[in-house]
Amino acid sequence: MLAGLVVVALIFGALIGPQFFRAANLELMARQTVIVCVAALGMTMVIVSGGIDLSVGSVVALSTVVTALILNRHAGPAVSAVGAIVAGALCGAANGLLITQLRVVPFIVTLGTMLLVRGAAKGLADERRIEAPITWLNNLLRTVRDGSGLLLPTGIWLTVALAIVVALTLRYTRFGRHLFAIGSSERTARLCGVRINRTKVAVYAVAGACAALAGVMEFSKLSVGDPTVAVGLELDVIAAVIIGGGSLSGGKGSVVGTIAGAAIMAVIQIGCSQQGLPNWVQQIVTGSIIVGAVALDRWRSSQS
Amino acid sequence: MAEPIDPLEVAAQAFGPALLEMRGVRKSFAATVALDGVDLVVREREVCGLVGQNGAGKSTLMAILAGALKPDAGVMRLGGAPYAPRDPLDARQAGVAMIYQELSLAPHLTAMENIVLGVEPTRGPLAIVDRERMRRTAEAALAELGHADIASDAIVGNLPLAAQQLVEIARAIAFGCRVLVLDEPTSSLTHADVRKLFDRIGRLKRQGIAIVYISHFIEEVKAVSDRFVVLRDGRNAGDGVTSTTRAEEIVGLMVGRAFDELYPRGVRTPGDPVLELDAVVPGAATLTLRRGEVVGIAGLLGAGRTRLLRTIFGLEPVKSGRIGVGVYSGPAAPHERWRQGMGMLSEDRIGEGLARGLSIADNMTLSRLESLGPAFAVLPSRQDAAATRWIDRLAIRCAGPRQAVAELSGGNQQKVAVGRLLHHDVDVLVLDEPTKGIDVASKAQIYKLIDELVSGGQKAVLLVSSYLPELLGVCDRIAVMARGRLGAARDVAEWNEHSLLMEASRTRAAS
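Residue numbers (our numbering), protein chains in the order written: chain A, 1 to 304; chain B, 1 to 511.
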């Protein structure tokens, strides 16, 4: 997938010229992609376990609303962000509980909660945008060149740190290995004494928290709580995981792949707009890449 | 069979020329030889009983006959002409029809739609289905079976099981079937329906159809067939005229071959009980398993053995009764069973036993990752070290502990599944068909391993197997499960293959 990223970047580099690779441009792409990236880290774990979460976009919207509401109660920005993340984790845990207790497939459950959470966000916000006081939360994705030495916006550093944590969790913890086992063969995992229900509730809760963190970043960009934001974002998030080698039948997926997947989409998006190509071209290219990446993966695994 | 008369000669005189001939049929699946040069000849107006133990090759032979599998070698002739079906439809068009144990009907369609399924009569250039002809064809076929009472537009799923089977037979004969194969057709029928089925088979026979009748139940084969053919380990083990052969002789041919050196047996001294079953339902099971012994459960497919093991291991709910594991008592989930020192090997290696996409190391260590790192961590290096130990000990042929299980042969896959129990170091090993579908060398290794484990005096094995020599060779005590009930465990010396098979196939007359 990294090779794919390099190829796509080089194509646009050749089309647009060396300025495509200037630090400011790369940073722009990174800023564009962090929101999808953060949500996709949670989605990677869900997809590795053989599940799917369609409620991501709605949780992002809910998170912007919750952040704004708490800020308006004169609470600190940190409290607001944590509150939003807890709300997201609760949504995720509810997904997990519905999936395991009602034995309804994740696609259906999260299709339902996608609407449910979106509705709740609109209700909470009274179907309006919620203005909120300006705090440091609004600077998460802003470059501050005051020589403080961070070089990149805080949000990007946060994403990098989260990516490392998720990668380590998947590879080096019992929880991570159990996710792969469940995704690869749930019956085998059960035979081997893996606590399936518990693990699933946990993974959806983590995915919900990740989506909510993405929502906090979305809030940072918008500086208002908007219940109508991020409609369809879940599809970008799923696409990032799939381009990155995740399999919807479970048992496969990696953090590096997912980030590369998200980056490929960002490069295409920014490359196309800087090349002056209209939006529809960008969509056709992205769509082709999704199908192409999965077909390539299929073909490679059938060769071995 | 030492009679000087060749049974085929007798058959030729009594029943006319061969309709179906299969000669020297061979078929292997990877390392497993399923059929090693099998002959089967069936004549017109003849019912041929095909018998053999599980894994003898009956199903493979019939799958080849039905065009579902291609033989590696061998010649087939149907009515004197070469016969090599490309697929099941091709076989059906040539006049070979199958009735399987599991009915293959579309439950939401009507009887007549099922009967003409795949060969619907049509009219006009648009190939519109001709429902009138469909009805006539279906009703003619049902009438031929003497069952015009089954409405041709009844939804099949609403019909009783025996009627569903009739619909399936009607489908077979509606388009000129010459050879009809019935594979365990009575397993879900009542006594009265079985008798009716036998009448029907007699009627079809008189119409000139050659019938192959497959069953575990020797009494049924005795009752319905003219001639029988016994398969054992993928070879012909004997054949004869049914009316002049006693049931015991047929069982003797199924069981066959002398006991060999496959089963080592160390000094075994049974110690404390580690597993106690007290009137456990499902299974109606009462049994005590001690350290240092192997207790086997014999029985036919579908007798409920797997369900009992799964209930013990917490994969299925206990309806009543008590299960005691060591000092623990009562039902428990699989993760608790593992903690109590019990591990289970699934009979469904591909679907449940192993996560095929994962590596050998992941599969072997999955039940016990706790020991492989501090706190919540799992260190791949320790995982690999643990796996490598069992790869060496079990002589698993692989590229290394990180190779995906799907890439291994059946025998090596099974050794990975066994390795999981060894890595966990459980005291009670619950093994469901541990040697199913694996090569002889791997089987021998597993037998040796079981003996070494229990001879140590600490471990105990509960073994379900459909292969009788294996049970007799490996176990200290054996209990037989028949029709959902587990009998008393008796010392292995009190059993032989013959008595086990007789006990396991106690027909419904006894129940």
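Calculated directly from the structure, the hints in this document are not laboratory data. Warning: the hint list may mix true and false statements.
Residues of chain B clear of chain A, computed beta-carbon distances all greater than 12 Å [claimed, not checked]: (1) K205; (2) R339; (3) A404; (4) R490.
Among the chain A residues that face chain B by a calculated CB cut under 7 Å, a handful are [claimed, not checked]: (5) T173; (6) R177; (7) T188; (8) K221.
With the Cβ distance kept under 8 Å, some of the chain B side facing chain A (calculated, not the full set) [to be verified]: (9) V194; (10) V327; (11) S329; (12) M344; (13) G351; (14) G353; (15) L354; (16) R356; (17) D362; (18) P374; (19) F376; (20) G457; (21) G487; (22) D491; (23) V492.
Glycine included, each C-beta is placed from N, C-alpha and C at the ideal position.
Hint by hint, here is what the structure shows:
Every CB of chain A lies more than 12 Å from the CB of K205(B), the least distance being 44 Å, so the non-interface label holds. A beta-carbon of chain A is positioned within 12 Å of the beta-carbon of R339(B); the least distance is around 8 Å. Non-interface status of A404(B) relative to chain A is broken: a Cβ of that chain comes within 12 Å, the nearest being about 9 Å off. Under the 12 Å C-beta cut-off, the non-interface status given to R490(B) relative to chain A holds; the minimum distance is some 30 Å.
With a least beta-carbon distance of about 5 Å to chain B, the hint placing T173(A) at the interface is held under the 7 Å criterion. The interface hint given for R177(A) holds, since its Cβ lies 5 Å from the closest Cβ of chain B, which is under the 7 Å cut-off. Because the closest C-beta pair between T188(A) and chain B is about 4 Å apart, less than 7 Å, the hint holds. With a cut of 7 Å, the hint placing K221(A) at the interface with chain B is violated, because the nearest CB-to-CB distance is about 34 Å.
With a cut of 8 Å, the hint placing V194(B) at the interface with chain A is violated, because the nearest CB-to-CB distance is about 35 Å. For V327(B), the interface hint is violated, since its Cβ never comes within 8 Å of a Cβ in chain A; the closest pair sits about 19 Å apart. Hint status for S329(B): violated, given a least beta-carbon distance of 19 Å to chain A, over 8 Å. About 6 Å separates the beta-carbon of M344(B) from the nearest beta-carbon of chain A, less than 8 Å, and the hint is met.
For G351(B), the suggested interface contact is upheld, since its CB lies about 6 Å from the closest CB of chain A, less than 8 Å. Checking G353(B) against chain A: minimum C-beta separation of about 7 Å stays under 8 Å; hint holds. Checking L354(B) against chain A: minimum C-beta separation of about 6 Å stays under 8 Å; hint holds. Annotation: interface hint on R356(B) holds; nearest CB of chain A at approximately 7 Å, less than 8 Å.
This hint holds: D362(B) has a C-beta 7 Å from the nearest C-beta of chain A, less than the 8 Å allowed. Because the beta carbon of P374(B) sits about 11 Å from the nearest beta carbon in chain A, more than 8 Å, this interface hint is broken. For the restraint placing F376(B) at the interface with chain A, the shortest Cβ-Cβ distance is roughly 5 Å, inside the 8 Å limit, so the hint holds. Because the smallest distance between the Cβ of G457(B) and any Cβ of chain A comes to about 26 Å, over 8 Å, the interface hint for this residue is violated.
Given the 8 Å rule on beta carbons, the hint for G487(B) is violated: about 27 Å separates it from the nearest Cβ of chain A. Annotation: D491(B) was flagged as interfacial toward chain A, and the flag is violated, the nearest CB pair being 31 Å apart, outside 8 Å. A distance limit of 8 Å between C-beta atoms decides the matter here; for V492(B) the minimum to chain A is near 29 Å, and the interface restraint is violated.
When each numbered hint is compared with the structure, violations occur for hints 2, 3, 8, 9, 10, 11, 18, 20, 21, 22, 23.
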